Amino acid sequence: MTLATNMRRYWIFYVMMAPGVLFLIFNNYIPMLGTVIAFKNVNYADGIINSPWVWFDNFKYLFKTSDAWIITRNTLLYNISFIILNMIVPVAFAIMLNEMKNKLMAKFHQAVIFLAYFLSMVVVSYLVYGFLHDTHGFVNTSIMKWLGLEPLQWYFETKIWPFLLPIINTWKNVGYYTVLYLAAIIGIDDEYYEAATIDGASKWQQIKSVTIPLLMPTIIVLTLLQIGRVFYADFGLFFQVPRESGPLFPVTNVIDTYVYRTFIAMGDIGLSSAAGLYQSLVGFILVFLSNWFVRRVDKDSALF
Amino acid sequence: MQTEMSKSGSNPFNAISPTANTIINIGFMLYTIACLLPILLIVMVSLSNEQDVLTKGYSFIPNQIDFTAYKFLFTDWQQILRSYGVTIFVTIAGTILSLIIMALYAYPISRTDFPHRKFFTFFIFFTMLFNGGLVPWYLVYVNMLNLRDNIWALVLPLLVSAFFVLVIRTFFQSTIPVAILEAAKIDGASEMLIFFRIVTPLSLPVLATVALFSTVNYWNDWFLSLVFITDDKTLSIQYLMYKMLLNIQFLASNSNAASAIAAAGGQVSFPNETVRMAMAIMGIGPIVFAYPFFQKYFVKGLTVGAVKG
Amino acid sequence: MIRTNKGVLGVTTTMLTFALVLNACSGGGGAASGNASPSNAGGAAESPAAETATPADNAASALEPYTIKLVYTGAPQADETKVEAKLNEYLKDKINASIDLMPIDWGPWDDKINLMIASRQKVDIIFTAQWNKHAVNVAKGAFLDLGDLLNENGQDILKTLDPVFLEGAKINGKNYGVPTNKELAAQGGIIYRKDIADELGIDMTAVKTIADLDNVYKVVKEKHPELTPLYLKDGETFNSHYFGNYDALGDTSIPGIILKDEDGTTVKANYDVARYVDTLKLTRDFYKKGYINSDAATNQTMNYDAMKAGNVFSMTSSLKPGKDKELENQTGMTGKLAQLELNTKTIATSETAGSMLGISSTSEDPARAMMFINLLHSDKYVNNLLNFGIENDHYAKVSDEVIKSTDNTKNYNPGAAWMFGSQFLNYVWETEDPNKWEKFKEFNQNAKVSPGLGFVFDGESLKAEIGAVVNVDKQYLTALETGSVDVDKVLPEYTAKLKSAGIEKIIAEKQSQFDKFLASK
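Chains as they are written, first to last, in full-length UniProt numbering: chain A, 1 to 304; chain B, 1 to 309; chain C, 1 to 521.
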């Protein structure tokens with residue numbers, strides 16, 4: 001078949017895809033070409049194309065500061081903790097909801113748990129602010145008082161945020177993952193449990209040897225999807241919730257917020273692009289590695 | 001799997017012990033309360049008296065119910081109404097366009113007889129693997145497309161999600177029998193007709209799910225406003241909330257409230273804390289009301305679409 | 001096989017085409033928009049000086065119509081379009097131009113202006129100042145060199161503006177902004193609620209130093225718990241350059257300061273300056289005592305807006321004669337504010353370049369932009385229309401020079417006169433001293449002249465270090481200066497971070513440039 005016959009037969013397909021292709025070109029592919037900015041010292045008077053090449057100076061500079069290490073560490077550690085929590089907690093929730101005798105109550109709980117998923121990060125930052133504001137916040141004015149503790153300045157206290165952020169993230173996402181796992185559990189054929197009961201397996205044993213193994217493909221797929229994004233942080237969570245408090249940067253600055261700040265707050269587009277490209281490249285490698293790994297474990301669950 | 005959903009769920013052959021059931025129930029009860037408390041706190045603060053808040057802090061039980069915050073907020077109702085208008089327009093236009101564009105892209109790449117299927121699948125899949133970063137992306141929208149301070153800047157960037165396109169494609173591939181398509185083609189139906197008359201109606205579950213995700217994404221977006229919008233005329237409700245959390249005087253300095261304060265010569269002061277929380281309620285409200293509807297379809301959609309994708 | 005390759009090839013070609021479009025747009029700036037004006041300097045890639053050399057005809061009829069976009073900071077005003085229309089009416093005859101006012105709130109100002117500059121938005125006039133990263137933006141090529149433009153289209157500016165201003169605002173011998181013609185000396189202190197102080201019987205004249213404020217704030221806090229005794233925010237603290245009399249010898253975001261009110265010429269990092277550290281500790285003490293708004297480190301509300309809301313007792317401010325009255329008009333608190341000077345009056349480069357209008361290198365008609373700036377410096381009607389709105393609508397005249405507010409004043413009262421042209425052309429509110437401008441001139445006398453007057457540091461060779469330091473500052477500076485964090489614990493941490501970011505290199509370079517300047521004097 002030649003291209004011409006193809007075009008005649010499938011021209012309508014190209015028309016159908018045209019808006020999408022156009023979008024991808026502008027939204028994704030042209031910006032990819034724009035990564036050359038990372039290798040330039042952009043001077044506005046000369047324009048991007050005519051600005052002098054500095055090759056790896058922006059990268060050298062990025063890795064010379066302690067920032068590169070801090071943002072990489074924060075991004076990875078937070079995301080790893082998120083992935084683990086997003087696996088354990090929802091699986092546990094889903095199993096428990098499934099076992100609950102009162103189905104109406106189970107539905108109600110599920111609905112409430114899911115609610116947080118629909119709130120924007122701006123709303124979440126308001127909710128957190130309501131608790132943590134240092135003079136009016138509920139924690140300082142009530143809880144700390146009941147506990148007989150001195151009020152703390154939560155938005156300056158670097159120690160608590162590494163715990164707080166995973167809690168907030170889990171609280172926000174647990175509903176979504178619970179629904180997915182619950183669906184998978186409900187999909188499990190009752191015959192498996194029937195057989196297990198005949199073998200005299202206790203409830204706990206059934207969960208361990210039937211439910212969890214059968215959930216494994218779902219767990220792997222959902223986790224893999226997150227691992228592929230392990231180098232990308234949830235910008236809203238790290239930007240909105242800590243309210244851009246300077247003293248918290250050592251524990252809240254992630255690659256995404258760094259890219260944003262060096263671009264918008266400092267106007268250094270070369271450095272910002274360098275950090276962005278670093279993120280894209282490492283992210284790219286990590287997707288491949290995790291996919292390769294999953295392929296070895298379970299071929300069907302691999303992304304590609 | 002869909003049919004499985006209609007069953008009551010847990011296996012009927014053995015149930016957990018009553019003790020375990022009670023513990024699980026209590027546990028969930030506590031967690032559910034913990035989920036609702038933050039929102040309740042915001043509601044209560046917005047209904048408190050500013051003086052009480054300043055002296056006692058935010059509290060779940062206000063000394064008296066006081067609507068001053070809402071009164072102050074509504075002196076600037078034009079801005080709030082306008083912001084709602086922006087958000088609603090963006091959400092509706094965005095969801096519809098995005099659904100059409102994504103489905104139209106997903107259909108050809110779901111057809112095994114389409115020779116360039118692999119290339120176009122990769123073309124979209126690659127965008128999930130690699131991206132150019134914030135700076136070039138921003139410059140494309142602002143310099144090439146000239147969308148600064150333009151309401152379409154809040155719509156366009158979220159139109160296509162590679163992940164959803166692949167989910168839709170998988171759904172097309174796995175649920176639409178090739179035989180039907182063949183039959184239609186033999187009857188002389190054009191591809192467009194097949195797509196709109198046969199494929200779309202059969203794919204409503206996955207399309208509805210994607211539409212719901214889109215709606216939530218558009219409704220909750222503030223980042224696009226943050227980078228593209230300077231003008232007060234195009235402020236979305238989320239961005240208005242963000243601005244008010246940082247700078248409550250954003251309202252005070254622009255609004256009729258300011259003139260009321262000025263007229264009183266500074267004797268009346270702007271109820272910062274309670275107005276802030278009233279604003280949060282304005283932002284949360286619609287989502288909470290739409291939630292029961294949303295939740296139902298989401299659960300349905302997620303269980304058919306995403307797991308397979 | 002071949003078929004697929006061809007397809008790929010086709011798409012690749014399309015992409016390359018788009019890439020070329022991208023080049024055209026981001027590279028030339030003006031290439032895509034055509035040559036709309038006789039003196040198009042949009043294609044800034046070539047030497048702007050050569051292009052602007054085209055003689056611009058001053059007769060309005062010979063000029064193409066053009067819209068001048070003016071970007072400045074301040075709250076958007078309700079009647080902005082009304083005032084624009086009035087301005088356009090007049091400008092049409094004068095320079096055949098219309099004007100688009102683009103005010104940006106103080107909170108997002110820094111970020112938005114960075115975006116605007118980085119994305120090459122086509123605007124004409126941008127407010128800039130030494131404390132607002134002027135030198136950094138000049139180094140990036142954001143502003144045009146105004147030398148020829150001033151000679152061609154800015155004759156009235158050269159005639160009326162004290163040459164000290166233009167001289168002091170130079171960077172590498174070139175002017176990239178036209179300074180506002182206003183007071184030359186600077187002084188810092190606080191603006192406070194006179195009505196509250198009177199009510200509580202506080203004698204503010206007894207306050208001579210920051211430490212003396214302790215007792216004042218204590219009383220205020222006791223008697224008026226709903227008031228914030230002192231409102232601080234990012235850049236508006238006891239350690240702001242105007243308050244501490246720190247001369248950064250150019251861009252205030254670049255470290256290394258000397259004291260304006262002393263004669264020493266040793267450039268020091270702020271953590272090595274005793275006054276700075278003492279003030280930090282004092283601020284921290286005030287913060288701990290609850291005098292300062294607790295969210296000072298994160299709040300973006302401008303201090304006079306906070307004042308306007310009615311629950312603030314005092315704020316820091318740079319002062320000049322009648323600043324309190326100016327603010328009264330702006331905040332609507334007539335008769336309720338007073339100012340208190342708390343340091344020595346000085347003159348330094350930072351004042352000469354403390355408020356300027358620059359012409360963006362993206363401007364499509366820099367000559368016209370300069371004509372407009374020229375009008376702001378020489379045309380009383382344009383100047384006052386921009387600053388006070390329309391007569392008998394936003395203000396009413398009491399006499400030729402004195403105006404009073406009307407019911408509609410609140411819809412146009414930007415309070416931005418210090419940014420636009422010559423302040424000596426401004427009307428005076430009836431609540432203000434009618435001799436305000438005389439006072440300004442007096443104020444300029446007997447000021448202590450900073451040893452650094454006329455020197456501007458060039459940081460181009462140390463861009464990387466400066467960037468790193470600015471980054472560290474973003475993390476620590478506001479929290480420290482507003483007293484939000486423990487000074488004893490955080491200051492050493494901050495110092496260590498600055499040192500590893502290369503602050504010592506910057507200071508050494510600044511010192512050596514400064515020494516050369518002093519030697520040549």
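You may find that some hints are simply not true.
What the hints assert, rightly or not - Covered by chain A, per the in silico footprint, the following chain B stretches (three or more residues, Cβ under 8 Å): (1) 128-139; (2) 155-168.
Said to hold, decoys possible - Interface residues of chain A toward chain B, partial, derived using beta-carbon atoms under 7 Å: (3) Met16; (4) Ile37; (5) Asn41; (6) Glu99; (7) Leu104; (8) Ala111; (9) His136; (10) Leu152; (11) Phe156.
To be verified - Simulated crosslink set (SDA-like; lysine to any residue; CA at most 20 Å straight-line): (12) C:Lys323 - C:Trp418; (13) A:Lys203 - A:Asp189; (14) A:Lys172 - A:Pro162; (15) C:Lys268 - C:Glu493; (16) C:Lys122 - B:Asn143; (17) C:Lys92 - C:Asp379; (18) A:Lys145 - B:Leu41; (19) A:Lys64 - C:Lys380; (20) C:Lys463 - A:Phe39; (21) B:Lys233 - C:Trp109; (22) C:Lys92 - C:Leu63; (23) C:Lys380 - C:Asn446; (24) C:Lys463 - A:Asn41; (25) A:Lys107 - B:Leu41; (26) B:Lys118 - A:Asn6; (27) C:Lys463 - A:Asn43; (28) C:Lys69 - C:Trp418; (29) A:Lys101 - B:Asn143; (30) C:Lys497 - A:Lys107; (31) A:Lys64 - C:Leu462; (32) C:Lys380 - C:Ser405; (33) C:Lys497 - A:Asp189.
In short, the hints are calculated from the structure, not lab data.
Note that the structure is a prediction, hence the values are computed from the model and not measured.
Yeah, the Cβ is synthetic: ideal placement off N, Cα and C, and Gly gets one too.
These are the hints, each one checked on the structure:
1. 128-139: holds (count 12)
2. 155-168: holds (count 5)
3. Met16: holds (4 Å)
4. Ile37: Ile37 of chain A check passes; min Cβ-Cβ to chain B is 6 Å, inside 7 Å.
5. Asn41: Violated, about 14 Å.
6. Glu99: holds (5 Å)
7. Leu104: Violated: closest Cβ of chain B sits about 11 Å from Leu104 of chain A, beyond 7 Å.
8. Ala111: holds (5 Å)
9. His136: Holds: closest Cβ of chain B sits about 4 Å from His136 of chain A, inside 7 Å.
10. Leu152: violated (14 Å)
11. Phe156: Phe156 of chain A check fails; min Cβ-Cβ to chain B is 17 Å, beyond 7 Å.
12. C:Lys323 - C:Trp418: holds (11 Å)
13. A:Lys203 - A:Asp189: OK: Lys203 of chain A and Asp189 of chain A at ~16 Å, within 20 Å.
14. A:Lys172 - A:Pro162: Holds, because 16 Å separates the two Cα atoms, which is no more than 20 Å.
15. C:Lys268 - C:Glu493: Answer holds: Lys268 of chain C to Glu493 of chain C is near 18 Å, not above 20 Å.
16. C:Lys122 - B:Asn143: holds (10 Å)
17. C:Lys92 - C:Asp379: Roughly 14 Å separates the two Cα atoms, so the pair holds.
18. A:Lys145 - B:Leu41: Measuring from Cα to Cα gives roughly 18 Å; hence the hint holds.
19. A:Lys64 - C:Lys380: Given that 20 Å is the threshold and the Cα spacing comes to 54 Å, the pair is violated.
20. C:Lys463 - A:Phe39: holds (16 Å)
21. B:Lys233 - C:Trp109: holds (17 Å)
22. C:Lys92 - C:Leu63: Satisfied, since the Cα-Cα distance of roughly 10 Å is no more than 20 Å.
23. C:Lys380 - C:Asn446: violated (29 Å)
24. C:Lys463 - A:Asn41: holds (11 Å)
25. A:Lys107 - B:Leu41: violated (24 Å)
26. B:Lys118 - A:Asn6: Roughly 15 Å separates the two Cα atoms, so the pair holds.
27. C:Lys463 - A:Asn43: holds (13 Å)
28. C:Lys69 - C:Trp418: holds (19 Å)
29. A:Lys101 - B:Asn143: violated (59 Å)
30. C:Lys497 - A:Lys107: Status violated; Cα separation ~53 Å.
31. A:Lys64 - C:Leu462: With a Cα-Cα distance of about 14 Å, the restraint between Lys64 of chain A and Leu462 of chain C holds, given a limit of 20 Å.
32. C:Lys380 - C:Ser405: holds (19 Å)
33. C:Lys497 - A:Asp189: violated (60 Å)
The structure is inconsistent with the numbered hints 5, 7, 10, 11, 19, 23, 25, 29, 30, 33, although it conforms to all the rest.
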